[in-house]
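**Student:** Mind docking chain B on chain A? Use the hints.
Heads up: the sequence lines are chains A and B, in that order.
Just so you know, this note's numbering puts 310 at position 310 of the first sequence, and the rest follows in order with no gaps.
Just so you know, this note's numbering puts 214 at position 214 of the second sequence, and the rest follows in order with no gaps.
If you are wondering where the hints come from, they were derived from the structure by calculation, not from laboratory data.
By construction, the Cβ of each residue, glycine as well, lies at the ideal position given by its N, Cα and C atoms.
Don't take each hint at face value.
[Stated by the list, open to error] FRET-style restraints, in silico, Cβ to Cβ: (1) Ser274(A) <-> Ser27(B): 34 to 40 Å; (2) Val271(B) <-> Asp290(A): 50 to 56 Å; (3) Thr166(A) <-> Phe111(B): 54 to 60 Å; (4) Asn39(B) <-> Lys294(A): 38 to 44 Å.
[As the list claims (entries may be wrong)] Here are a few chain B residues that sit away from chain A, every Cβ distance over 12 Å (derived from the structure): (5) Ala35; (6) Gly45; (7) Ile61; (8) Leu85; (9) Pro114; (10) Leu119; (11) Gln132; (12) Phe190; (13) Val271; (14) Met274.
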Amino acid sequence: MKLKNVAAVGTLALATALALSACASGSSSSGTPDASTTPTTAAIDYSALAGTITAGGSSAQANAQAAWVTAFTAQAKGVTINYDKSQGSGGGVTNWLAGSYDFAGSDSPLKAEQQTSAQTLCGPGGALNLPIYLDGVAVIYNLAGVKDLNLSSATIAKIFSLQITTWNDPAIAADNPGVTLPSTAITTVTRSDGSGTTTNFTNYLSQTQPSIWTNAPGNAWPIAGSSAQQGGSGVVNTVKAGDGTIGYADHSAIGELTSANIQVGTGTDFVPFSAEGASNAFTEAAATQDTGIKGDLAQKIDYTKITDADAYPIPLISYAILCTTFADSTQAELTKSYISFVASEVGQQVAAKNAGSAPIPADMQAEIATSLELIK
Amino acid sequence: MVILAGVALFLIIQAIPAIMADWPSNSDLNEGPTAGYANFWTYVGPLIWGTLFSAAIALVIGAPIAIGIALFISHYAPRRLAGILGYLVDLLAAVPSIVFGLWGIIVIRPFLLPLSDWLNTYLGWIPLFGGQVSTTGSTILAGGVVLAVMILPIITSISREIFLQTPRLHEEAALALGATKWEMIKMAVFPYGRSGVISATLLGLGRALGETMAIALIISPAILVSVRMLTEGENSQTIAANIALNFPIATTLQREALIGTGLLLFVISLVVNMLARVIAGRAGAGAKRKRSKMMAQLPPSDPSTVLAVDDVLARKAAAGHTEGADVAEPEIDAEEADAGVSGPFVADDRPADSTEKRQGDDA
Chain A
1 MKLKNVAAVG
11 TLALATALAL
21 SACASGSSSS
31 GTPDASTTPT
41 TAAIDYSALA
51 GTITAGGSSA
61 QANAQAAWVT
71 AFTAQAKGVT
81 INYDKSQGSG
91 GGVTNWLAGS
101 YDFAGSDSPL
111 KAEQQTSAQT
121 LCGPGGALNL
131 PIYLDGVAVI
141 YNLAGVKDLN
151 LSSATIAKIF
161 SLQITTWNDP
171 AIAADNPGVT
181 LPSTAITTVT
191 RSDGSGTTTN
201 FTNYLSQTQP
211 SIWTNAPGNA
221 WPIAGSSAQQ
231 GGSGVVNTVK
241 AGDGTIGYAD
251 HSAIGELTSA
261 NIQVGTGTDF
271 VPFSAEGASN
281 AFTEAAATQD
291 TGIKGDLAQK
301 IDYTKITDAD
311 AYPIPLISYA
321 ILCTTFADST
331 QAELTKSYIS
341 FVASEVGQQV
351 AAKNAGSAPI
361 PADMQAEIAT
371 SLELIK
Chain B
1 MVILAGVALF
11 LIIQAIPAIM
21 ADWPSNSDLN
31 EGPTAGYANF
41 WTYVGPLIWG
51 TLFSAAIALV
61 IGAPIAIGIA
71 LFISHYAPRR
81 LAGILGYLVD
91 LLAAVPSIVF
101 GLWGIIVIRP
111 FLLPLSDWLN
121 TYLGWIPLFG
131 GQVSTTGSTI
141 LAGGVVLAVM
151 ILPIITSISR
161 EIFLQTPRLH
171 EEAALALGAT
181 KWEMIKMAVF
191 PYGRSGVISA
201 TLLGLGRALG
211 ETMAIALIIS
221 PAILVSVRML
231 TEGENSQTIA
241 ANIALNFPIA
251 TTLQREALIG
261 TGLLLFVISL
271 VVNMLARVIA
281 GRAGAGAKRK
291 RSKMMAQLPP
301 SDPSTVLAVD
311 DVLARKAAAG
321 HTEGADVAEP
331 EIDAEEADAG
341 VSGPFVADDR
351 PADSTEKRQG
361 DDA
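Pulled out of the complex, with its shape left as it was, chain A reads as follows (with noise of 0.2 Å):
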């Protein structure tokens, strides 16, 4: 599985390289970029830096990250950053407000407690959460014979809460007319693991659909009587092996398998995922939550805000969190280099081009630098 991961990251790595036109060996093993897709723009410059930076956290930024320590270190000649993504979100918190990580790669902003025990850490500035990571989850399905599929909310809502069993069910041809659908039986695949994709999407179907998806979003998977598989490269694999499966993944992880296209708000539109589509969705949708602290940038995502034709419905985030007063100025000053460094267009592209993700909108980018100039 993890072979199969590994290898469609190398394979993603490898077409984008084709697609750039751009020279990408060696980078098959990890999805780290070639230094040269690099757009050689970079204003700053980091070449006098020097030092480690250690972090850890989301798995769902693993591949961004990976890419852009590369393009990163390209440039910083002196600096080895070292990104743990074993760890996992709530592992990287924990480590990082343990003192260990000069920041921590998670999918949902600090809680109101963590920021309170981030201050014995921080200081009273707290910790900040930059949203840095910008994905989609994608609905994927493997059906024979049925090649493109459309799901508004509630029948995604009704699939992934066992109402609906069969594929040729009312609901589901509502949504595809013309489209044959056969009577296999639905096996939904979800995670059976802790993840920050399951709370993205089971916040989604929480806000989007109340009345059908009664189940508190969180990152365990609510329902028993899915299929559940270990990580995101099992639900790709399962629903890949199976026939009338369906699943969610993070868009950068899905490989060759289809995704649905997804309803918007609750009109008749229907939006394949894109890198656009997602970054639409960010700006639409997000809004920063007052928190408290200045330059906190925890994100509320309000799904139900997603209503125009070129926004994608169910946008991903992953954050850094990191220290507004780090106990040493060097590593400050280290730490809010590579964060500027993938908060900037540049980074953003890095990524986008290299793990799959979508970039974040500019004026977010700009907010970004701004509250990254608050760290000392």
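**Tutor:** Leaving out everything else, chain B in the frame of chain A:
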């Protein structure tokens, strides 16, 4: 011992906050993987069941095969084949569990699908095979089959050694009295090796209980108590796989809850292993060795003497042994009363090379 105590202490200290916490009102524990449980015990209960159930499936499938292989290696296979076979089975122990997991996903899952359908259609009235049959194959049955393969080497290698230790005189006596080879094994090898085989099986059980990656990869889990083996959504999660799957995302207190489940797994494994030791020790190697030494001093040509001595020894020996010896004798008598043709025939048929083989093994 110190390490064991240290591990236990670590688990207890780490787990106590979660065990003591009030789950529904705790903001850490009422969300994510630990959401919706009244307290620690309602969370861990189904996990314990899942752990025991999957291990039991593995044992039911794996133990008979393992013992069969052990017997084949020790008593049936030609010497050269026995060596290779034993080596191959031992080699299974060296395969990492993640590889078994991948093998389970890619090979075993689809392989078992037709069997699952068949069992569900025709034997679905048995709760074990009931429910909505899985279409992807991520069932606890698939997990159990892979676990069974994983515990094969442990059970096989220990059982094989035990079987090889059966005193030759017992075997020869049985054969001389007209037993067929299989009867000889039933009368001489099994009673002698029974405690050893049981402890080997329990060691295999210990392995199955703690297995993590293969289970985490193959089974589609849910935290509930279920005996259904062929469903997609009703496979009881095991403790070890649950820890592996949820640890990365867990918050501090959730981690402590997971460590608490680990503590219980530790206790279960400890009990199983101690049970294995007790059983192995009771009819322990010491008594056996003494006994076989005494056997060796007797003239090998006189089966009646052997049996007589055996009888005396049996009375002295621990309860487990008496049974075997006592059962064996009437059976031999019955066989003789049959005045079977098989008696002398089998005695003659005894493989000539097996004496050499045994001596070789002893050396």
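**Student:** Evaluate each hint against the coordinates.
**Tutor:** Structure-based check of each hint:
1. Ser274(A) <-> Ser27(B): 34 to 40 Å: 37 Å, holds
2. Val271(B) <-> Asp290(A): 50 to 56 Å: 54 Å, holds
3. Thr166(A) <-> Phe111(B): 54 to 60 Å: 26 Å, violated
4. Asn39(B) <-> Lys294(A): 38 to 44 Å: 40 Å, holds
5. Ala35: 6 Å, violated
6. Gly45: At roughly 15 Å from the nearest Cβ of chain A, Gly45(B) sits farther out than 12 Å, so the non-interface label holds.
7. Ile61: 22 Å, holds
8. Leu85: 30 Å, holds
9. Pro114: With a cut-off of 12 Å, Pro114(B) remains clear of chain A, as the shortest Cβ separation is near 14 Å.
10. Leu119: 18 Å, holds
11. Gln132: 8 Å, violated
12. Phe190: 41 Å, holds
13. Val271: Given a closest Cβ separation of 28 Å, the condition holds.
14. Met274: 32 Å, holds
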